[in-house]
Every structure is written in C-alpha cells, then in structure tokens.
Amino acid sequence: MTPSIADAIISCDNVTVNYGAFAAVRNIFLDIPRHKVTAFIGPSGCGKSTVLRCFNRMNDLIESFSMKGKVLFHGQDLYGPRVDPVEVRRRIGMVFQKPNPFPKTIYENIAFGARINGFKGDMDELVETSLRRAAVWDECKDKLQESGLSLSGGQQQRLCIARAIAVEPEVILMDEPCSALDPISTLKVEETLHALKKNFTIVIVTHNMQQAVRVSDMTAFYNAVDMEGSDGMVGYLAEYNETREIFNNPKSKDTEEYVTGRFG
Amino acid sequence: MTSNATNPMATTCYPPAASGLTYNPYAPRNVWNRAMNLLAALFATIAVLPLVVVTLYVLYKGGGAITPAIFTELPPAPGLSEPMGMGNAIIGTAMVTGGAALVAIPVGVGGGIYLAEVARKGWFAQSIRFGVNVLAGVPSIICGLFIYALVVNTRILWGESFSALAGSLALAVLMLPTIVKTTDEGLKLVPQELRMGALGIGASRFVTITRVVLPAAVSPIATGVVLGIARAAGETAPLIFTALFSPFWPDWASGWGLLAPTATLSVQIYNFGIMPFEPQVQLAWAASFILVVMILAANLLARWLAHFSAS
Chain A
1 MTPSIADAII
11 SCDNVTVNYG
21 AFAAVRNIFL
31 DIPRHKVTAF
41 IGPSGCGKST
51 VLRCFNRMND
61 LIESFSMKGK
71 VLFHGQDLYG
81 PRVDPVEVRR
91 RIGMVFQKPN
101 PFPKTIYENI
111 AFGARINGFK
121 GDMDELVETS
131 LRRAAVWDEC
141 KDKLQESGLS
151 LSGGQQQRLC
161 IARAIAVEPE
171 VILMDEPCSA
181 LDPISTLKVE
191 ETLHALKKNF
201 TIVIVTHNMQ
211 QAVRVSDMTA
221 FYNAVDMEGS
231 DGMVGYLAEY
241 NETREIFNNP
251 KSKDTEEYVT
261 GRFG
Chain B
1001 MTSNATNPMA
1011 TTCYPPAASG
1021 LTYNPYAPRN
1031 VWNRAMNLLA
1041 ALFATIAVLP
1051 LVVVTLYVLY
1061 KGGGAITPAI
1071 FTELPPAPGL
1081 SEPMGMGNAI
1091 IGTAMVTGGA
1101 ALVAIPVGVG
1111 GGIYLAEVAR
1121 KGWFAQSIRF
1131 GVNVLAGVPS
1141 IICGLFIYAL
1151 VVNTRILWGE
1161 SFSALAGSLA
1171 LAVLMLPTIV
1181 KTTDEGLKLV
1191 PQELRMGALG
1201 IGASRFVTIT
1211 RVVLPAAVSP
1221 IATGVVLGIA
1231 RAAGETAPLI
1241 FTALFSPFWP
1251 DWASGWGLLA
1261 PTATLSVQIY
1271 NFGIMPFEPQ
1281 VQLAWAASFI
1291 LVVMILAANL
1301 LARWLAHFSA
1311 S
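Residue numbers (the numbering used here), protein chains in the order written: chain A, 1 to 264; chain B, 1001 to 1311.
Isolated chain A (complex conformation) (with noise of 0.2 angstroms):
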C-alpha cells in the first residue's frame, strides 16, 4: 500500500494520536519525499490537521495530546527525550488555515522570524526574495511600512508563507492554506507552491481535491472507520501513493469513492 520512497525527509513509523481519551487517528505509517509536494486529503474529521501538527510539535499547545510511536526527522525522533519543540519549529515551518499576520508592518512581519533565528545577513534583501518567492513582492513593494493587516484575505496568507520562507525551513507544512482564499488567490498560492518545490518540502492539507491534482507528486488519503472501543470515529492512512494513481488508479474502493466525489 505504501510506495517505497528513497529520499524520505519525514516518516511516521506506527504513530497513534489520542486526545485524551478520544482516539484521533491511529497506525499510521508513512514516509515524506524530498523537495516533493505531498497533499493530505479525505473527510473531515479523519486526522489530517493532526498528523500534519505532529510533524513540527504543533499539537504540544493542546493539554489533552498524546502520542503513540514515531516522526523522524532525517531519521532523529521529533518527539525524542532531549529534542526542543522551539528548533524543530525552526527546521519545519508552518502556515495556517487562517492568514495570521502580526500586527506588526509587512517588513518586520518576514524580518521577525528572521532576527530571531539570528540572521545577520541584509535583511532588506531577504525580505525582497521572501515575498518574491511567495509571489506577493509586486503588490506590497510599495508598502512594506504598513500594518500586514492591511492586505486582503489572499495576500495575507501569501505574507505568511514569505514569512515561513524568511525562516529557510526545511520543510513547509499546510493547513489548508486556501480554505479561506478566493480562486484567484488560491491559484497564486498554488503558483507560489510550484516554485517552492525547488528548494522545499511541502506537506499540505486540503479539502479541494483539484487542489490536490494541481500542486502534489504524493497524496495521502486519510479515511476515519468507527473502531471498537473509541467513542466516534477514528482516523487512519487508507491509501498513499503517487497523485496520478491515487486519482486515476486507486487500489481502494473507498479512496475511488472519496476522489470521484460520491463522499466526504
């Protein structure tokens, strides 16, 4: 079921999550390729948000978190003992559903994270190449000294992906950047992704299964199965591949179903 991937940057090796008693996905293996796009996609509510926190510890700010098994990072256990959340953070960004700007200017909203990651560089130059690599430099070039605010719903998030680029992580993760974005901005973010690729790994959640076709080389696709003895629904890896054969030559029934749209 799951393809053999040579370059792996991230794999889950057996990783059960619970959120106190509530069982949220459980089992999942999988390995993350190298400068590829990998889409998580399925129903809601079948763990793709969760699995995509435990990759860079984002689920350490929920009290009732635990976990079960491993995420290796270049093979070192994210969750090891010794491991600090704060520099896995560094290594694997993160842009969120919402466009979460500081209320800070555009400049300082890319300059922040940089500083204190301790860039010394030109910052005037990295912020330049950040929003240019965003694709967002020509419609705020002009306005670097005001509030991030200040932009539309569509450059906002393409602020907060320069901002995670600022940062030179390894590894870009997604929480569906475009869920609240209108076409055209998705389309721009999607270009914006296409370009990333060169130079990052991107691991993204989306519900908008085109989405999926569109920007990723992998696609996962999570289904959630009432399991005996858990209250509710629990999540699992159904199937993981190429993004051409998940979508044109899917080994399950279910994931058939889900990509021709008869579910979810």
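These are computed hints drawn from the structure, not numbers from a lab. One thing to keep in mind: the hints can contain errors.
To be verified - Straight-line alpha carbon distances no greater than 27 angstroms define the calculated DSSO-like cross-link-like pairs of lysine-lysine that follow:
1. B/1188 with A/98
2. B/1121 with B/1188
3. A/68 with B/1061
4. A/197 with A/120
5. B/1121 with A/98
6. B/1188 with A/104
7. A/98 with A/143
Quick caveat: nothing in here was measured; it's all calculated off a predicted structure.
Given the coordinates of chain A, work out where chain B should sit on it, guided by the hints.
Relative to chain A, chain B alone:
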C-alpha cells in the same frame, strides 16, 4: 378572482392599507413606548448627574483658591491666610501614586501574563484568579492597615515609620487586582492563531509572549493600568496610616523624599476639610477639584488608549 372574505384560505381579514399602516400616536403601545423611553433617559441623566454636580460644586467652592500659586506654594499655617498653595500635596500625590505604579505594574502585568499564558486553566491559576477578585473587594482601609502593620510599625524601611514609600506600597496593593485582571483578560483576547504563527516560525515561548502577544494586547493592558492608577490616586484611607501628612515640602534629604511623611491631595482634603479656618477649607475644595480633574484626565487617557487599539 376571489376576495378575502370568500377565500377559504384566508385566516385574517386585513383592513384597507390606507388607514392600517399609519403611525397612531395615541395607540396604547406607542404611548407606553414613549413613556418608557423618557423614563430610561431620565434615569440615565440621574446616573451622570452626580459627576457634573460634584465637579461644578467643587469648582464653585474651591475655584477662588485655584491660582498659579497653588502649584508653587505651601499651605498657610493655621490662622493665617498666606501663602495659599498646596504644591507639596500635588508633588506628594504624584510621588506616592507613581511609586505605587512602579511596584504594581511589573507585578500585576507579570501576574496577568502568568495567568493567561502559562497557567491558563489549572486549579492554581483559578485559585489565583479567585484571590485577585477577593483582593479587588477588600476595603482600602484594610490595605492601609496591612501596610501599617507590616511596614510602618516595624520600621522595616531603613528605620523610618510613616513614609511616601509605605503609602506607595498600600496603593500598589489596591492597584494590583485591576492590573492583573485587565492583563489576564487582554491577553485572552489575543487570537490563538497569532501565538501559533509565532511558534510556527520557531519563536520561543518567551519571544512569542514578549514580541507578539503582549504588543497585540498593549492597549487593554494600558487601559487597565491607567484605571488602576486613577482609582488609587484618589484613595485616602490607606494613606492616613502610611504616608501620613506633612505641611512642608518633601524632605529631599530623606531617601529623595520617599522615606519621610508626605502630603497627598486626598489626605489634605481629609485634614483641611474639617478645620475651623476658612483658607484651609477653601484649599480642601481646591484639592478636590484638582483630584477630580486628574481622575477625569486619567479616564479620558484610558478611553483614548482603548480607542487607539480599536483602530
């Protein structure tokens, strides 16, 4: 075509529209409505009336004494009518309140940060919140008594008893709950996404709080601080036991004036208001006016800060 009367589906017969839709000022509900509006407006006026009347009356009684000299001269000795000033009390109020703010702001804001960002919902945080609410309700005279027993009576501050510093501590105790509560509430209003965004680019918790969360909440916090200061600046009871009073300029030789008994506007009102000498009584009214104006200004500043955040 069937008319309403014969249509079996119609349940109500409406009168012709021409007379039915006009506003009838004598309909009982409309009369009632107007009467209640009037009553509500009347109560609202009564609620703000004291402020206007107090300010005007205080101005009427003390206005004659409000001259530039009031800021530069000392009060007259009993029985005399020269000089007519209370510069020492104005400086004293600024010193005592400022000192209190210097103590209460770091402790209060720090405590609020702990409650909202670190402890959040545990039993410890909840019991601190409860304690802060109780402290907010403690009568101010008891705060004064507490500092009197702890600081003044024991002469713990460099061997001095009554001092501006002791007064500051008593007022700081009074300011604390307001500052802790507004900081806590202000930080809770900062969206969680902002914290996640900062953590997501590798900011530590300290950097997230100091560089992203606190700046986003600065105006509710500043509002709370200003209101806390304004409330404490007008307190009398805690100062009677601590800063006491002095008819002289602050004793600059004694710990920059902080370690000697110090005059304040509120205690001056208390002391002079009941004296049998006309100049002193007039100065008490003038002090009242200055105090009211100071508190009004502080509240306007707080409103401006709150407005500043909204834009």
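Hint check:
1. B/1188 with A/98: holds (19 angstroms)
2. B/1121 with B/1188: Between residue 1121 of chain B and residue 1188 of chain B the Cα gap is close to 12 angstroms, so the pair holds against 27 angstroms.
3. A/68 with B/1061: Cα-Cα ~76 angstroms, so violated.
4. A/197 with A/120: holds (25 angstroms)
5. B/1121 with A/98: Given pair residue 1121 of chain B, residue 98 of chain A holds - Cα atoms ~25 angstroms apart, limit 27 angstroms.
6. B/1188 with A/104: holds (19 angstroms)
7. A/98 with A/143: Distance ~22 angstroms between residue 98 of chain A and residue 143 of chain A Cα, so the pair holds.
Checked against the numbered hints given earlier, this structure breaks only hint 3.
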